[in-house]
Amino acid sequence: MATSVRPDLEEVFRREYRRVVGVAARVLGSGDQAEDVAQEVFLSFSRSSVPAGEAGGWLSVAAAHTALNLIRSGRRRSSREETVAAATDPVVPDVAEAVLTEHDRARVRAGLARLPRTQAVALVLRHSGLSYAEVAAALDLSPGSIGTTVRRAESALRKELNRHASSD
Amino acid sequence: MRHPTEGVLRRLIDEPAGVSDADRRHVADCSRCLSDLAAARSDAELVGTALAAGSAADVDAGWARLSAAARAGAPRPAATTHRGSRFRAALRRPAVAALALGVVLAGAGTAAANDWLQIFRTEDVAAVGLSTAELVALPDLTAYGDVTFTGEDGLHAVPDAATAARESGLDLPEVDTLPSGVTGEPTYQVGGEVSATFTFSAERAARAAGGTLPPPPPGLDGSSVRLVAGPGVAQVWTSSSGVPALVVGRAVAPTAFSSGVPFETVRDYLLSLPGLPGDVAAQLRTFTADGSTLPVPVPSDYVSTSTATVDGAEATVLESRDQALAAVVWVEDGLVTVVAGALDTDEVLTVARALR
Chain A
1 MATSVRPDLE EVFRREYRRV VGVAARVLGS GDQAEDVAQE VFLSFSRSSV
51 PAGEAGGWLS VAAAHTALNL IRSGRRRSSR EETVAAATDP VVPDVAEAVL
101 TEHDRARVRA GLARLPRTQA VALVLRHSGL SYAEVAAALD LSPGSIGTTV
151 RRAESALRKE LNRHASSD
Chain B
1 MRHPTEGVLR RLIDEPAGVS DADRRHVADC SRCLSDLAAA RSDAELVGTA
51 LAAGSAADVD AGWARLSAAA RAGAPRPAAT THRGSRFRAA LRRPAVAALA
101 LGVVLAGAGT AAANDWLQIF RTEDVAAVGL STAELVALPD LTAYGDVTFT
151 GEDGLHAVPD AATAARESGL DLPEVDTLPS GVTGEPTYQV GGEVSATFTF
201 SAERAARAAG GTLPPPPPGL DGSSVRLVAG PGVAQVWTSS SGVPALVVGR
251 AVAPTAFSSG VPFETVRDYL LSLPGLPGDV AAQLRTFTAD GSTLPVPVPS
301 DYVSTSTATV DGAEATVLES RDQALAAVVW VEDGLVTVVA GALDTDEVLT
351 VARALR
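Taken in order, these protein sequences are the chains called A and B.
Just so we're aligned, residue 1 is where the first sequence starts under our numbering, counting upward by one.
Just so we're aligned, residue 1 is where the second sequence starts under our numbering, counting upward by one.
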């Protein structure tokens with residue numbers, strides 16, 4: 001046994017795993033890769049001394065960073081995914097989603113990688129269901145600043161889509 | 001009454017109870033705020049839809065995988081079937097970390113900008129040990145200022161060696177003899193020049209550190225440092241299972257520029273900021289004393305490092321502790337070359353030394 005594993009690992013894992021996968025999946029758009037990221041993040045957590053009470057925020061932030069690093073450094077893969085996605089646009093199931101093609105989603109994810117990192121992480125955490133207070137605590141920001149941070153990120157991503165839409 | 005901020009309007013969409021009664025009353029009667037609120041809601045819904053990810057992660061299966069990895073003390077949890085993604089992760093992580101720390105040490109931009117003073121030209125590569133936990137927790141520099149990246153279109157495939165050479169402007173390293181188990185023709189990937197610019201903000205840095213930062217040296221606030229690297233080219237041999245078996249890549253090595261403040265001033269101050277482990281900061285100071293070494297941070301609990309000689313140049317050798325992956329990196333004449341693969345150290349060195 002090369003490393004000692006913290007005793008609260010299983011409890012934290014069972015409580016947080018789905019959400020951590022969800023955070024990574026929002027960034028990556030891929031369930032399989034998101035589970036790989038979650039495993040890596042939990043393994044780091046298992047060797048850390050992060051207090052259990054802060055585990056949820058720490059894990060979510062680490063998952064967002066790790067996933068963003070992947071798309072930032074893995075453009076080759078994402079551009080291939082975009083190509084594949086563009087070729088296989090599915091029939092979208094409802095009106096709200098009908099406005100976005102898979103291609104648009106891939107573009108939003110690419111845009112995510114270009115945002116200032118704090119904005120990108122705050123956005124992903126918020127859309128993964130963390131409350132404003134939880135996002136603020138996880139990123140060590142003031143709760144009052146989260147709305148502005150998230151709003152700016154969304155506005156930038158909207159512009160990203162519009163820019164592509166007008167150039168298509 | 002003043003209009004609530006865009007942040008307050010945004011929170012009104014998600015958590016109306018978190019917004020004061022006065023602000024809510026104002027918005028209800030203000031056509032401008034209602035219009036801004038509608039725009040915010042529309043953007044939020046659009047982005048929410050774009051990021052939606054159907055995921056039905058199996059907690060029991062996930063726990064079985066993690067506990068096996070943790071019990072085994074395995075540096076990475078991926079099973080053998082995930083060797084491909086481990087391979088890519090191993091190649092990526094040092095690069096990502098190098099870029100992150102490169103921004104600390106340097107920053108980036110186009111070399112063409114005349115008012116930028118060259119402060120750093122890579123002549124050497126050295127490994128810096130980091131644990132994977134620290135790698136995950138590398139300081140987010142956006143807390144200390146603005147970081148902008150350009151030319152991040154990534155690698156794209158080109159059909160043949162001639163096109164790769166033409167697009168990158170580089171001579172492709174020719175592999176003499178492939179290691180056993182690696183066969184067939186490579187695919188070619190080309191990437192353009194990338195740059196990153198970091199502009200320090202004393203105000204943001206102080207906020208990030210809760211107001212306890214050491215005072216920045218005069219002239220640092222608002223000054224920028226830039227790191228520029230590339231173009232680059234890679235030849236990738238893929239095994240029959242689809243896993244990259246051998247990668248031979250070459251790129252124009254990173255060069256750094258400053259908009260005025262001496263490099264050492266920026267480096268020493270940034271290294272003193274909270275977030276970077278003290279021993280790593282100390283290592284970096286040593287490595288960069290002559291301003292010519294590119295530190296490649298490696299997850300030390302996963303990868304071991306050593307040095308070797310390739311064509312007279314000192315090379316850094318990285319090997320995963322399970323010996324599944326090895327890589328050798330060196331810099332010569334302003335070009336950084338890497339040979340990596342699902343191979344052992346001797347095999348990558350043999351390929352590296354026989355490159356033409």
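Calculated directly from the structure, the hints in this document are not laboratory data.
Just so you know, these numbers come straight off a predicted model, no measurement behind them.
Heads up, the beta-carbon is just placed ideally off N, CA and C, and yes, glycines get one too.
Some hints could be false.
As the list claims (entries may be wrong) - Facing chain B, a subset of chain A residues (Cβ under 8 Å, in silico):
(1) Pro7
(2) Glu11
(3) Val12
(4) Phe13
(5) Arg14
(6) Arg18
(7) Gln39
(8) Gly56
(9) Gly57
(10) Thr101
(11) His103
(12) Asp104
(13) Gly129
(14) Ser131
(15) Arg151
(16) Leu157
TODO: Would you list, in rising numerical order, the hints stated earlier that this structure does not obey?
DONE: Of the numbered hints, 1, 2, 3, 8, 9, 10, 11 and 13 do not hold.
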